Structure formats: C-alpha cells, structure tokens
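S.K.: Sequence:
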Amino acid sequence: MVTATQPPFVGRQREMALLEDLWRSPQAAFLVLYGRRRVGKTRLLWEWTQRHADDVLYWAAEPSSESDQRRAFSQAIYRFFHPEAQGAEVLYPTWRAAFEAFAEMAAQRGRRVALIIDEFTYLLEHGPSVAGALQHAWDHTLSRGNLMLVISGSHLGMVVRDVLSPQAPLYGRATAALRLQPLPYPATREAFPTYEAEARVALYAVVGGVPAYWAYWNPQRGFQENLTAFVTHAALSLSDEPRFLLQDYIRETGNYYAILSAIARGAHTQAEIRRASGLPSGHVSRYLESLLETGYVERRRSLTAPPNSRLGRYHLTDPFLRFYFRFVSPYRGQIAAGVHEPLLSELRRHLLDFIGTYTWEEIARLWTLYAGARGILPFQPLQVGAAWNRQAQVDVVGINPRERTLILGECKWSPEPVEAHVLRRLVERTEAILPAEKYWRVHFVLFARGGWTRGTEVLARELRASPPQGARWKGTGVSLLDLATVDNQLWRWHQSPPEPMEEEIPF
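Sequential numbering from 6 applies to the sequence shown in the working numbering.
These are calculated hints, taken from the structure and not from any lab test. Owing to the predicted nature of the structure, the values given are computational and were not obtained by experimental measurement. Possibly wrong hints are sitting among the right ones.
As the list claims (entries may be wrong) - Think about it this way: if two alpha-carbon atoms lie no more than 20 Å apart in a straight line, the pair counts; the simulated SDA-like pairs of lysine to any residue are:
id	residue 1	residue 2
1	Lys443	Arg497
2	Lys443	Arg379
3	Lys443	Arg248
4	Lys479	Tyr444
5	Lys479	Gly377
6	Lys479	Leu468
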C-alpha cells in the first residue's frame, strides 16, 4: 500500500520573496493567495510563518458552521495577543467585531503583525457576509495599521467570484493577488536528487508539479517501482481528484469527463472531440468553453498561422489529469478489483510515446523561452509554442514577429541517438510552416533525449558553415541539445532567474 509522506519544501523562491516584501512594507499589506487543491498554498504559508513565528497569527478555517468558525477565530485572536490566557473562552458577536478587535490589539502591540486566514473559502461557504465584514474592517481599521493580512483559498471559482471579481466586496482592496502555480519541471531535481533526468521527466509526465502528488513517490525507490505502486494503489485513492478540481467551477462533471478523456486520448479539434466523446457538437462547444475557464484545458493556436486562423487545438494543461484520463480512468474498475496487468501493459506500450508527445515537448518549449531570455539563442522569441498546418507540423516554435525571427525545433524522446534525416526533415519543413508574409531568419534546434549520431553532427556543422535558405527565409544556425544539457541548464536557470539589464530606460 502506498501512503503519502510530507515532501520536501522546494522551489517557491519568488513566492517567499513576495511574502517577505509585503512583510517589510512600511504600509499595511493585503495578499490574496489562491490556487488549485494540493498545489502547496498551506505549505508555503506555513514555511514563511516559521520565519516570523512570534509575529504571525496563522489560522485555518474548517468546514463547520458559521458560529463554530467565528468562535474558533475569536479564541485564536485572543490567545495570540494574550498567550497567558490559554483557557479563556472568547466569542466576538460578529465577524466585523472580530476583525476590528484584531486591528485594535495589533495597534497596541507596537510592532508589525501578520494575520493569515487559510481556507478562507470555508468561511464564504458558511457565512458569505464575512467578505463584507472584512472589507469594512480593512477600509476603516486594518489598512491603517502596521500589519499584513493574507487570505488563502482553494475553491478557485469562489475566490474569483467572491474576492477578486469587480462585483465582490473585497475587490480592489488587495495589495497583491498571487495564483500559486504547480512547480516547474526543474524543481524535480531538488525534490528527487537521486533520480536521473530521464526518470524525473517521466515522473513529471505522470504527476506534474503538484507537491502533494510527489508525496506518493518514495525518492529512495526507483522510478519503475514507484510508478507501479502509484498506478495500482495511489492513483485509485486519487480517483476523485479530477471531480474535486472541476467542482471548483462545474457542478455536474459527467459529460466533462467524456471530453477530458477524449482530449487525453489524442482528440484535439472540436470535430475530433465530438466523435471521440459521442456528445452533440453544440454541447461540446459549450463544455469546452467551461473547461477553458478552469485553466485545465487550453486552446492552442499555431504560432505561424494568421491571428484569425481557426486551426486551434485543445489540450490538457495539467500533467496529472492528462495521465489520469489517458491511462488510469479506463481501467478504474479493474484496478479496484486488484487486476493491474491490463493497465501496466498499456503503460509498457504507450508511456514512452506519451512522454515524448507531451512532457518532453513542453520542457523543450520551456528551455526555448529561458534560453532566449538568457541570450543562448541568436534571438529572443516573444512567444513559444508549436506550429502546424495541412502540410507540416513543428514541435517547438519560438517567434518574434517584430524582428521576423523563428526558432524551429524537433523533439525526440527515443533513448536511441537521432539520425541525420530527422534534422534534414526539420529544415525541409521550413517553407511550409513559415508565416504567410515577409522574410524570416530561422534557427533550428534538435532536442534529443538519446543524443545524435555522427552523421547528425556532421550535417549540423555543414548547416552552420553554409546556412540553408529559401524564397522567404534564411537559416542562422543549428543547436543540438541532449537531455542532460537541457536538464542542467534549466536547473541552473531555475536557481538564478535572469537579472534585468542595467541599461537605463528613457522616459
């Protein structure tokens, strides 16, 4: 049986820096922290709290009645400012009174204090008036004090509707709003230091960057052992996770599951999704619009197509949901019955291609974005994605329309060295994939897990010495990148984001 353990706290340097900046501000600060379930909001707040334990009141709401919540909050406030009175029973009559009591006691303290209300959406569920009470307290007392206020919530739809939307009582009050995202791929190196890059890419393909999912993986065990344990035990315990994630936005998830499954199996256009799901076309369009709002599905466009192009493709953005609906969901009944071989057989046949089609390409695009900003590439792309049309498809595309420059990249996840014809075909596709107008400079990149053959290296040297060109484009060079290089550079860049240029900005 696989049980979750506390994963190490990794990454989050920027988020911790934001909290520190707000803490050091000479004015009152108000942060709204939100994000999907299990992404690490509570852990982030708790880790920061440990740095300032004597000056931070951390209180987590629970899914109980309004009166029970208010009683617990009242006692937490009183005991924080009166630690000698731990047995005292205190109940403020209203939320407004509780917030104003905090502001008054904070002012008497003589130094900065922070109030963190975690799981704020539990308060909204059982007492919607709490948002108005907090707004009144912030406007009249809290914002004038030497304090920092943080509210955090996992119910994304509720946070957006009741806190961040223009109609919400708290709209415009926050000093900062931070949507906590899953950790990027480079953070796996710190969390799983014994894993080689291949295993960490595969791990990210299965569970993505959500720390709570990493907790099901034992860093002392190999990838194969962890994967088998995860899909036969842990994945079943997480089988309700997709429903919980979607219910932040959607009440009835049944038909949405059909669409997510269709996309995970490779249906990316509306027509393909309609055929794979069996749903009427009008319903598919409406469901896709709702899924786009969740952020778990996105519509990608070909970067070299005209802005009004209808060549959009729908993709799952979350690796865990993508893996779950592609591999685990079809075998849920068998897994529950203890029959695991059909799923394991499916993974043996298709996991390699799955990683190459999605995760390796996404990592290559991340490298392209970072490398452009670092000056590693000959020019900096403003957008990074993919490109396709009826004649050709390119895995990685970086484009700068103003400078008319393109990065074209091919990704191969095979453990075998890549032959020269792969690079040659990439160059040959240039003419078909170019934007419709103007003359372009093009740089080619080959992302190869297993490296490349001697013939590929020779061809790359030839293309550098004598750059290829066409009627509307000219090559500027070729970069060959294996997994080790991509992994090492991403890790280094992840640790030290690029500094802004010191050149003055005229005004």
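S.K.: Each hint should be assessed against the structure and marked as holding or not.
M.R.: Structure-based check of all given hints:
Distance restraint check for Lys443 and Arg497: the Cα-Cα separation of roughly 37 Å exceeds the 20 Å cut-off, and the hinted pair is therefore not satisfied. Simply put, Lys443 and Arg379 have alpha-carbon atoms about 27 Å apart, too far for the 20 Å limit, and the pair is violated. A hinted pair counts as satisfied when its Cα atoms are at most 20 Å apart, and Lys443 with Arg248 does not qualify at roughly 47 Å. At roughly 8 Å between alpha-carbon atoms, Lys479 and Tyr444 fall within 20 Å of each other, so this suggested pair holds.
As the CA atoms of Lys479 and Gly377 are separated by approximately 19 Å, the hinted pair is consistent with the 20 Å bound. At roughly 11 Å between alpha-carbon atoms, Lys479 and Leu468 fall within 20 Å of each other, so this suggested pair holds.
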